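*Asks:* Listed here are the chains, written in short residue letters.
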Amino acid sequence: MEEFVIATLRYGTPLVYVTLAGVLAQRAGVWNLGLEGLMIIGCCAAVLGLVQTGSLLFGMALAVALCVIASALLWFVIEKLRANPIIAGLGMTGLGLGGTDLAVQAIYGSQATVNAPYGLPRLGTEFGDFGVLSVLVAAMPFVVFAFWALLRRTRFGLQLAASGEHPFAARSVGVSPARMRLIALCVGGVLCALGGAELALGSLTIFAYGMTAGRGFMAFSAVIFGAGHPIASVAASLFFAIVGALGIRAQLVFGDRVPNDLLLALPYIATVIGIWISARLRGGAKAASAFGELRDY
Amino acid sequence: MTARLFAVGRAIAFVILALALCGVIFEFAGYSAPEMFQSIADGAFLNPGAWQGSLRWALPLFITATGVIISFRSGYFNVGAQGQFYIGAIGTTFVVDFMNGYPAALVIPLCFIAGIAGGAIWALWPGLLRVRSGADEVITTLMGNFIAGLILIYVTGGILKDPSGTGQVMASRPVAPAYRISSETGLSPTIVGAAIVVGVVMWILVNRSAFGVLAGLAGRNPIMIVWQGARMSRLGLAGFMLGGGLAGLAGAMEVLGPNGRLVSGFLPTLGFTAILIALVAGLSISGAAIVSLFFGGLASASLYLPVLAGLPAAAIDIINAAIALFITARAAPGLGWLAARRRAVGGA
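So the sequences go chain by chain: A and B. Numbering follows the working numbering, with no gaps: position 158 of the first sequence is 158. Offset between the second sequence (1-based) and the working numbering: plus 297.
These aren't lab readings, by the way, just hints derived from the structure by calculation. For clarity, every value in this text was computed on a predicted model and none was experimentally measured. Be aware that one or more of the hints could be misleading.
Incomplete in silico selection of chain A near chain B, CB under 10 Å [unchecked claim]:
(1) GLY37
(2) THR93
(3) GLY96
(4) GLN159
(5) SER221
(6) ILE248
(7) GLN251
Note that beta-carbon positions come from the ideal geometry of N, C-alpha and C, so glycine has one too.
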């Protein structure tokens with residue numbers, strides 16, 4: 001049982017951080033499909049920064065800086081150039097995947113897996129079996145609570161939600177929806193960097209090409225499943241993590257009797273079912289999609 | 298006409314902006330940007346014989362892109378072309394594997410049908426979830442891509458596995474020479490002819506048929522379409538399945554044509570590039586024919602770069618992604634400021 005909880009937390013913690021980034025963007029009215037790309041930039045920058053300088057702090061700082069820059073670029077393209085957020089987000093995802101590939105090849109000359117000498121600090125033996133988990137796992141509940149409080153109990157959270165739901169109302173009280181979106185995306189960039197760093201340095205201490213494997217999209221789905229509410233979205237992402245951990249567990253239990261590749265598909269299938277359920281519950285999207293376009297009024 | 302010229306000019310301007318961003322990224326990663334662009338241009342168009350490689354990649358991209366255009370036009374963001382391409386290729390391989398020995402005149406058409414059916418089925422379930430329940434099609438089709446990729450790994454490592462394979466690359470048995478529709482070059486009368494037929498049929502469907510007009514209107518003004526008595530859900534589903542079927546057709550042609558077998562994880566960027574082609578072409582079929590050549594050249598260059606120029610193929614992925622980032626942009630920030638200023642002056 002404890003093993004299962006640990007597996008779920010390992011799978012789920014990166015997902016939770018990135019989901020919070022998605023919640024921020026969603027509440028500000030931006031469909032952020034660039035989460036996948038931001039996450040892998042976080043993975044890559046944290047590992048490469050750590051390997052090149054030997055300093056974990058530098059790796060984390062590099063990851064945060066690059067993710068915030070990429071988020072600001074995405075904001076500029078969506079808000080200032082009025083690009084379609086879905087396509088621009090997919091472009092950002094491609095930029096993350098291609099850019100990290102290019103960076104690894106530029107430094108090491110091949111598309112090899114990069115091994116980091118050590119990872120994030122662990123909790124240590126006083127936590128028993130849970131000691132193998134990183135500090136970011138332990139920090140996760142507090143971060144979730146902090147963002148819940150920020151989004152649901154502060155003036156800033158209300159202004160953010162107004163910018164997304166009714167930009168006209170936000171503007172009428174002197175809030176600039178464009179600026180709120182910039183803040184939301186950049187804070188989301190920090191969260192994506194943390195999520196990526198946890199994925200790459202939490203338990204594995206490696207960077208491999210495409211290692212996020214759709215987790216950013218899963219986090220985005222969790223936001224849709226949770227209707228943009230921080231707690232509900234985090235719960236949805238933990239649900240996907242439980243399914244993922246069940247898949248890993250099933251591989252160990254059943255061995256070769258069940259095809260591994262199909263077990264790996266379980267979280268994706270769970271995501272589809274989650275989207276379907278949330279559409280049934282909430283009536284779903286309108287006749288044709290609004291294509292996630294930004295609203296000004 | 299001027300409106301169309303303006304659209305073309307705008308698309309070219311944003312592609313150039315994307316290339317500039319790529320240049321910055323290349324320099325940042327320690328490569329010389331002019332050298333990189335020169336090598337890409339060599340590999341895509343300038344070297345002798347490069348055009349053949351570009352055309353080879355342009356054809357499957359064009360066929361898939363026409364499918365993307367149809368589903369985008371009918372108002373649905375079907376971004377699952379990659380998965381539909383894979384499932385179509387898997388369907389084709391099943392037919393060609395289990396009908397080995399039958400006459401080619403029977404097997405090849407069946408292969409095409411299996412490919413189209415496979416792609417259409419992989420578009421059917423997100424389409425149904427969308428029109429029946431309103432489940433967001435962007436996510437379901439994206440997840441479909443990942444699931445299809447895993448199914449591809451599963452069948453190439455299991456049911457369809459080539460027993461004589463080395464284990465390095467998971468692949469199916471090679472397609473028997475009698476059923477191949479082209480050699481490795483990917484350019485044969487059958488493939489070129491099929492692409493032309495698809496292009497002409499889709500052009501007529503989009504521009505000269507009731508379905509095309511209705512679908513185009515449905516994408517822009519769904520409420521009006523419903524009031525006119527058309528069935529949105531049927532139009533949308535038809536667009537979805539046409540898109541999936543065309544991606545599946547491209548998959549069938551890859552297996553019977555240049556690839557000659559089903560390989561795990563082959564052509565991983567085809568679906569994304571096809572979406573780009575559809576958007577850069579402004580959802581026009583005739584435009585897509587030209588834009589496909591450009592992206593076919595980039596795809597061809599991504600094979601040329603690592604082998605002959607010693608540069609990473611990821612450069613091409615970055616160029617594609619940067620174009621995706623900018624291509625849907627509708628405004629330049631300076632222009633908006635100018636317009637607001639003019640309004641203010643005019644009002645005073």
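*Asks:* Taking the hints in turn, state whether each one holds.
*Replies:* Quick rundown of the hints versus the structure:
1. GLY37: It holds, given that the least Cβ distance between GLY37/A and chain B is near 8 Å, below 10 Å.
2. THR93: Check passed: Cβ of THR93/A comes within 7 Å of chain B, closer than 10 Å.
3. GLY96: Because about 8 Å separates GLY96/A from the closest Cβ in chain B, which is inside the 10 Å limit, the hint holds.
4. GLN159: violated, 23 Å
5. SER221: holds, 5 Å
6. ILE248: violated, 15 Å
7. GLN251: violated, 13 Å
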